[in-house]
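J.: Listed below, chain by chain, are the residues.
2 protein chains.
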Amino acid sequence: MARNANPSYTGAPMKIDVDPVPIRVPGFRFAGVACGLKESGNRDVAVIASAVPAIAAAAFTTNRVQAAPVVLGRPRAAAGRLQAIVVNSGNANAYTGRDGLATAHAMCRTAARALAIPETLVLPSSTGRIGVPPPREQLCRGVEAACAALSPDGFHDALAGIMTTDAFPKFAAETLLIGDREVTVAGMAKGAGMIAPRVLLAGRPVPTHATTLAYVLSDAAVSVAALRRALQAALPQSFNAIVVDGDTSTNDTVAVLANGLAANPSLSASSREFPELCGAVVRVLQNLARKIVKDGEGATKVIDIRVHGAKTRRDAERVADAIARSPLCKAAFFGGDPYTGRIVCAAGYSGATFDPAKLDVYLDDVQVVRGGREIVTRVERAAAAVVQRPEFTLTLHLHAGHAIAHRMAADLTLDYVKFNSDYRT
Amino acid sequence: MARNANPSYTGAPMKIDVDPVPIRVPGFRFAGVACGLKESGNRDVAVIASAVPAIAAAAFTTNRVQAAPVVLGRPRAAAGRLQAIVVNSGNANAYTGRDGLATAHAMCRTAARALAIPETLVLPSSTGRIGVPPPREQLCRGVEAACAALSPDGFHDALAGIMTTDAFPKFAAETLLIGDREVTVAGMAKGAGMIAPRVLLAGRPVPTHATTLAYVLSDAAVSVAALRRALQAALPQSFNAIVVDGDTSTNDTVAVLANGLAANPSLSASSREFPELCGAVVRVLQNLARKIVKDGEGATKVIDIRVHGAKTRRDAERVADAIARSPLCKAAFFGGDPYTGRIVCAAGYSGATFDPAKLDVYLDDVQVVRGGREIVTRVERAAAAVVQRPEFTLTLHLHAGHAIAHRMAADLTLDYVKFNSDYRT
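From first to last, the protein sequence lines are chains A and B.
Heads up: the first sequence is residues 1 to 425, going by my numbering.
Heads up: the second sequence is residues 1 to 425, going by my numbering.
Hints in this document: simulated from the structure, not taken from any laboratory.
Watch out, some of these pointers could steer you wrong.
The list makes no distinction among identical chains, and a pair is therefore deemed to hold if it is satisfied within one copy or across any two copies.
[Unchecked claim] Pairs of lysine to any residue, SDA-like flavour, derived with a Cα cap of 25 Å:
#1 Lys418 - Thr377
#2 Lys358 - Glu174
#3 Lys38 - Asp99
#4 Lys358 - Ala269
#5 Lys311 - Ala149
#6 Lys418 - Arg314
#7 Lys418 - Arg389
#8 Lys358 - Thr377
Predicted, not measured: the structure shown is a model, and the values here were computed from it.
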């Protein structure tokens, strides 16, 4: 079943920019081509290249099984400089052994040669089916073709090349003034299934869940340390706060490249104007992450789960994650049922420390549990109306401390099961 | 949707004893009546009573939100002696505050009065919807009626009274010789949804997952310590090894009562014949637990997940649990797809320490991953044939040590989502 052919897929109040509004980032060129990895014949190879080496920060999946491009790309990103990104969709190049690693190398080498840059400045990514060795020569011919097609106007072509089961393209862009220079921050992402990113940035543990690939490109001049700080600030509020199904992929990659061509005075983490760049990176990644949940396989709803008053942040995350992953809660959200018993139950088994007799629970602004007593029967109609919205916020106050957490979750739907039980989706 | 009206529900090779073969346990009487808690008018109150006080061991949910009957029953079971069990289905009496606790008390008091026994020897249980205070008087009238109907032949009536969304009754019985005395061990259970028991026995941490209620009744003469030892031995291999959806209930209760009327020489944990009684308790609980997975809401398959060669038992359990709970793996099982990439991916994010390059994976006797290389494409037809069976074993060898774990899991099906997204199931 092709997701974009799903007639029951319903629209959303969240504004989704499906028209290919032109996106340009000074100094960056883009291309997306089809090399035949996808049976549909859609674009399956993307290349993004900067005119000059860019400062880079990236985060990768924490899954112990790491796809070949992740193994290869991690130390390159850790070095703090990248000039090109080469991506294929339709095959994850994960669990493919030495052969797969050689293919990831070949992809990068092909791009490096075509762009006349060192191979170590090329970051590879792959997404698609796990465990099938990708056809190396076919893929490399695709990379060559993409390098030949690079254009400042190719953003949407590249984006098409990274997509798999996505029903719509995911992108976001901002411009801001730093000093008197206009700076662009633009991002693209793919998502859909296996979404529960736990990505780790440069050796510091930051949980993420998906096959999520996300690339943020900027012409800002910024130090490596500052760019890492911005990514580190963004992840817990964006990619590491989303759950579609709770399966953490072998391929998750979030990379930010800044090539400095805006010629603003270079920002360090202590610069007066750093918070503005950081804010833009956070907003772009949040925008992309939310679209991934919105477009989760089969998803009909986005639920913001907010936990307040936890004893520790870990406890707040435990409660939010338990609800975000609970099949029973997610099925009730799908059905538009304000079944708070399942929510309270999930909080109870989450492992967090709290007194159930003090719990408050809200669905948007409708309180459904007060001081540990379920009062949903009194507000049944109002509560049901909230849960039937395509987006709503579920808030729990544990009254056990002052820590908070936020998760964006999709519901569990018939289409999710249909899609993922289809032989070889 | 009534589960037993589901036309797509397919039979299973596992023998299920749906005919009410008579089960008697010397000294025990049983009853099940309808008091109107279930809209269907089916039996919703059960009472089990022993002619004399019985030795008792019980385990209860580890969910922080504990149903009223769990709060009340836990210290009673911990005292090691019980004479009656009173159960209602159709209402979980969970998250119902002081009022709910008073109702659980009233259930027990009513039974104690009718049976002329101390209230502290009565164990209460409830199962059904969370967060709705049960109608106390109606329930107590039901308990009175059940006490009046008690009969040595009422086993199946009582079993009907504890069921909720179960499609078939779950019971198992054995007789064994201890010395020259015949001893009976018989059990009944209910399951269906919210199944991922993590029960805790008498202060010692033993994980379980469900609304599972299970009662094992025996006429054996045995010490409290020995009976606890038997339950402790059985749980990791039975109720704490099953996962339907991964939601751990507020009400899980597993209790074993032994009234001594077989008049065998009383068994301690060091008795020569204790292993025989222990084995019977283990087999009866395993039989019940497996039936709960088989009858998991919407389930079409039982998958035995066996992890070998883990560094620690915790690691082995992590891998088995990650697969048992992974929506992607469970949907592939439903679809009969031998998608080993998803299995390897779940092992990878489980948190267990192992080298993916050494992994072996088998579907029944078909090896699909050898030394970290997926070889499923070579054995595609044979592997698909296994996954399309209604029961199969998935074995992972991590080659990281010598610890093992076993889980019995259900698949994730369209019917699971349909059933649990129906408003107020």
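J.: Next, verify each hint and record whether it holds.
T.: We went through each hint and held it up to the structure:
Taking the shortest alpha-carbon separations for lysine 418 and threonine 377, only the inter-copy value of 23 Å comes in at or below 25 Å, while the best intra-copy value is 33 Å. Proximity of lysine 358 to glutamate 174 under the C-alpha cut-off of 25 Å is found in neither arrangement, the shortest distances being 43 Å within a copy and 46 Å between copies. Taking the shortest alpha-carbon separations for lysine 38 and aspartate 99, only the intra-copy value of 20 Å comes in at or below 25 Å, while the best inter-copy value is 60 Å. Taking identical chains as interchangeable, the C-alpha atoms of lysine 358 and alanine 269 are never at most 25 Å apart, the minima being 41 Å within one chain and 43 Å between chains.
Proximity of lysine 311 and alanine 149 under a CA criterion of 25 Å is satisfied in neither setting, with 54 Å inside one chain copy and 50 Å between copies. In this homomeric assembly, lysine 418 and arginine 314 never come within 25 Å of each other (Cα to Cα): the closest approach is 34 Å inside a single copy and 33 Å across copies. In the homo-oligomer, the alpha carbons of lysine 418 and arginine 389 lie at most 25 Å apart both inside one protomer (23 Å) and across protomers (19 Å), since each shortest distance falls under that limit. Taking CA atoms no more than 25 Å apart as the test, lysine 358 paired with threonine 377 passes inside one copy only; the shortest distance there is 19 Å, against 54 Å between copies.
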